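Student: Chains B and C: place on chain A using the hints.
As a plain string of letters, each chain reads:
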Amino acid sequence: MDANSSHPAKVARSKLWFYGPVFVVIVLLILLVPLPQAASTPTDRTIRIEASRFQFVPGEIHVNPGDKVTVELISQDVVHGLSLDNYNFNLQAEPGQIVTGTFIANQSGVFRFRCSFTCGNLHPFMIGKLTVGSNYLLIRGIALAGLAVAGAFLSMWFSTTRHSQGVR
Amino acid sequence: MNMKKEILARVLVISLLLIAIAVPVGGYLISSANMGHVVDFHARMPENGGWSAGNITVQVGQPITLHMTSDDVVHGFAIGKSNQPAIEILPGEFVDKTLTFDKTGTYTFYCTHWCGPNHWRMRGTIEVTGAGPALQLDTEPLYLQLGIDIDAPHPAKVVPTIQPSAERGAKLAYLLPDYALSRETYLTTSPADLWLKLRAEPSISKLSDNDLWDVVRWLWERQSSPESLSKGLKIFMDFAAAAHGMTGKGDGVMVKGRPTMTPKNMGHTLVRPPDFTDPHTLLGASPALLEGKIIRGGMGTGMPSWGAIFTQQQIDAIVGYLYTIAWNSVGVSPATPTQEVSHP
Amino acid sequence: MTRLDLTRFPKMNAALKNRWPQFLLRAVTLAGFTFTILAGLMGSVVGSHNFAIIFVWIAWWTALKLFFIPFGGRSWCSICPIPMAGEWLQRGGILEPGKKKVGSGKRWPRFLRGNWLQAFGFLLIGLFSAVTLTSSKITAIVLLAIILLSLVLSLIFERRAFCSYLCPIGGFTGLYAQAGPVEVRVKEAEVCAAHSEKLCYDACPWGQYPLALKSSANCGLCMECLRVCPKDNIAVNLRPWGSDLQADTRHNLSEAFLGLVMLASALVDSAIFSGPWGNLKMAAYTIGSREWFLFAGIFMVSALILLPGFYALCVSWANKLGQKKRTLQQALARYSQVLVPLGLMAWIAFTISFAFVKFGYVLPVISDPLGWGWNLLGLQTKAGVGQSSAFVQILQVIVLAAGLFWTTRVTRRISGSNRQSIPLILFSSVFTLGMLWLLIG
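Protein chains in written order, with my numbering: chain A, 48 to 215; chain B, 8 to 351; chain C, 8 to 448.
To be clear, the hints were calculated from the coordinates, so they are not data collected in a lab.
Simulated crosslink set (DSSO-like; lysine-lysine; CA at most 27 Å straight-line): (1) B/Lys11 to C/Lys24; (2) B/Lys300 to B/Lys88; (3) B/Lys11 to C/Lys106; (4) C/Lys389 to B/Lys104; (5) C/Lys106 to B/Lys12; (6) B/Lys12 to C/Lys24; (7) B/Lys204 to B/Lys300; (8) B/Lys104 to B/Lys88; (9) C/Lys18 to B/Lys12; (10) B/Lys271 to B/Lys164; (11) B/Lys12 to C/Lys108; (12) C/Lys108 to B/Lys11; (13) B/Lys11 to C/Lys107; (14) C/Lys106 to C/Lys24; (15) B/Lys11 to C/Lys18; (16) B/Lys12 to C/Lys107; (17) B/Lys204 to B/Lys178; (18) B/Lys12 to C/Lys238.
If we take Cβ atoms under 7 Å as the criterion, some of the chain B residues that face chain A in the derived model are: (19) Asp79; (20) Val80; (21) Pro98; (22) Trp121; (23) Ala248; (24) Ala249; (25) Gly259.
Keep in mind it's a predicted model, so treat the numbers as computed, not measured.
All residues carry an ideal CB built from backbone N, CA and C; glycine is no exception.
One chain only, chain A, in its complex shape (with noise of 0.2 Å):
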């Protein structure tokens, strides 16, 4: 056999850079590839959101893509807001009157929304949850937690081999 082409060093690094890059972009696919929503028809929503030093109740909400939703802002307590991530929507309320505001639920996922207007020492944890469609990117770090084990053992295995081949 001709000593250079089939040299296990060589050997060795061919094979990772054949499955380096196919490792990447099976991490970039499982983190970016659009998947579709489960079919639902857009509904129009009113959601009541008491807030209170320091909480929203209800924390946790679920809507579909493409809702329409009207949330209806009371404080109970002192000067509350809420601010939602990624979406352009903030309300300020006004201790005893309703506030409302209404977007469109057009970005799927799980949002966070935070009080905007300090209320006391934990105002910057007073935290709700907005889930829109499906949390998939809950469903992608699952699966990249898996390929990152198997991911693991494939590394582990690769310079095992390049070691019993006498490849340091």
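Tutor: Below, chains B and C alone, put in the same frame as chain A:
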């Protein structure tokens, strides 16, 4: 050990430490020295101490600057019986307000953003002294002049069964005796009492009961201009809705957990405000009585006194708005809860 | 062994041996620490407008986890101001050791050694974190108490007693420094064997003997050994990540305990600070109330019983699957290495969720550190409420997955077979899924 280097190192450490100490301490000393006519003014919830200065004294004609911030939640600052706009005070942020008083006397300042159940207690006074014209003292409120007992129960003896229309009432006004049209009658009589009085008048006899209610509603509503009503609405929402509820039902967020008012517990314990959406509540009260309750408060129910806060114009606007709540509640079934609450 | 010895480069070697750069950094951090305490005590009680809160819990805490540890191992410890006063007194000089040394120099009691106290200290921080992280005064008092405690301990005990055995951050940093890319080791062991005077050991504030130094957990990268070694036999190596986590490195039970406490704290902190559960936050905040005791109880049970129990189960299962017979204690200690990359990446992911949202406060608080209305930087705009973008969320997923990848490799490396590594991989996967759900679920 190289002593020169060691000394240099020590000097460096001490210098940096001194700077670290000088910045806050020095900054504090400099700002206190600069104060002069600037008052460091902190707003806090009453539970945390309220206004950092409860009473401020200033000379008439001399400007005073309030260097304001909040230490906890959003507050606001305004001076009672004044038409100057309120100033929002955000936690950690500073706003300066310079005030000059041209009349001597006692001014009340108060918080303008609900900051908890004790928000309405968050008040203070500014004493303006010196040689100068004095603040005109308030005239004696009407309820005192007339000797009205504002603590006595005042349920309406009669109430309309279908919602009266002021528009229809206007067309029937020609039948009214002169006294019915006077402002004095409006101020001193409750809608129910006026209805009863007019019911007995021979000139009115051909009007049905509902027609008469239309007329009474018209008599009431002509006392307030649309601007006044919308002002009254805004004042109600900003000052009262937290306790009275946005609809006036007495179910505001601040009174949750309180028992409903009954003859037994009234005056002895903190109770919910009366239900303005029940026509019996307000239609049995004269404007003078309502004005009295607003000005004096203190029924042992937790209702604050607003005499130092509202101008006469504002009180008239509130009273006018209150009656619209009563009129609009006639013939309406109890409010249905908001539809479509989404589940998590 | 892939190591890059920085001392091989003359300029680098001179810079590491030179006392001035490190000293200047220390002087600055000491002044900054003092300023932070004063800001916390004297400045605004509104946390977002106080230098103490923003710089300790956002800026420095993030820098520690995203920069100092991943790229420098225990590097923060070399410039940390907390032991400085004590150390300067102990060695009789600020820039370099002098003659007039102050302090009793007692040995730290044997039974208090190890990571146990640090682990409990970290649990204590977690129990009171909802209040400490949000109150500028309490932050300042905690810092003041720590620096005074460290000083007192330095006057009684030898070397950096506080840092080695009490500092919870030290425990955190040391544990994860084992995964870090920097180490101090001897160049040639024979040189040390022939040299009887152990100047390096005498000079080390951490009580480490460089010849015996096999783990970066207890080395604070202060470079004193480098400076005193007459044979120039100390190396400062850049090395691959995770180098202290090998099949033949020695670990002990207290490391396992510390690692588990870190994992439990990451879960609980994620739930409290990133979750939507207001009742949990209130329970954690209202110290002394019935709810708080319930929270404390659940926290303690999770950290002391549930998570360690799950770990022990997996370890004993793995032990049975292996050919080499080990006692449970040996196995628990050996597998503690698995907890290191897992925890490090979990804390990085949590920090991304916790701090990135609030970075907008850093610049304004430099402009007005005491919250007195100053505007030193002449800023026009105020900080907004901040938000977590899609990019930040994806980043957390990648970080957590990378942590699982890394810890799986370590597990396989120290296990005898693929089968034997399954139980600990199961442990790590369950933990990772938990963090995933808490942070982005």
